[in-house]
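Asks: So the chains spell out like this:
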Amino acid sequence: SQELEQSPQSLIVQEGKNLTINCTSSKTLYGLYWYKQKYGEGLIFLMMLQKGGEEKSHEKITAKLDEKKQQSSLHITASQPSHAGIYLCGADSVGNQGGKLIFGQGTELSVKP
Amino acid sequence: DAGVTQSPTHLIKTRGQQVTLRCSPKSGHDTVSWYQQALGQGPQFIFQYYEEEERQRGNFPDRFSGHQFPNYSSELNVNALLLGDSALYLCASSRRILAGGSYNEQFFGPGTRLTVL
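In order, the protein sequence lines correspond to chains A and B. For the first sequence, this note's numbering begins at 1 and goes up steadily by one. For the second sequence, this note's numbering begins at 1001 and goes up steadily by one.
Simulated from the structure, these hints should not be mistaken for lab results. Small disclaimer: the values here were computed from a predicted structure and weren't measured. Certain hints may be false.
Claimed, not checked - List of simulated lysine to any residue pairs, SDA-like, C-alpha gap at most 20 Å:
#, chain 1, residue 1, chain 2, residue 2
1, A, Lys38, B, Gln1041
2, A, Lys64, A, Leu19
3, A, Lys38, B, Arg1095
4, A, Lys38, B, Phe1107
5, B, Lys1013, B, Gly1058
6, A, Lys56, A, Gln14
7, A, Lys38, B, Lys1013
8, A, Lys36, B, Lys1013
9, A, Lys36, A, Glu108
10, A, Lys17, B, Ala1087
11, A, Lys64, A, Asn22
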């Protein structure tokens, strides 16, 4: 079965610093989703990547999917306290087109003012 | 657009009881998926409903069952509750894409926090 591993598990950065979160899959990814979650709340959709080498940006967050479609990274530029939360990567494991998603364990981000 | 809504927000039950959680999908969505998220972990897929039928199922026992109504809303039922069922239950909705179409996004609701004592 497919597994997703995120690194680091937790991250504390000073406001204004850049940071990167990685998500590595044991199998080829058909679709890779990035979500943000505030503690105990629902998941907020950030971006979805589908093609090898694809890169998407929204405000100060950029996500990339490598050419082999087994690794994705999420980069935040000039972090702000509003970026704090848990970041989750989710994978469509068998091309179900909106079906079962497998998630990594999450990366908890804290941003110090 | 209200997005995905779930009820109740919080629920406290005792072992052996039964519970029903409810979900209304985002407008225009016809597929509902349920996930269980234990503290400190990523969500685990329970099952997915489309056209009022269970289409996919994760590794959860038969104590977990569901239903989808003609208006696309859905219920998750858990029987014979165990302490280990304490978790945040998330509902996600999406729009079914026919074969050959592009991948669509799953939008999540705020979740129902279930505590089993």
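Asks: Could you tell me which of the numbered hints above are not met by this structure, giving the numbers in increasing order?
Replies: 3, 5, 6, 7, 8 and 10
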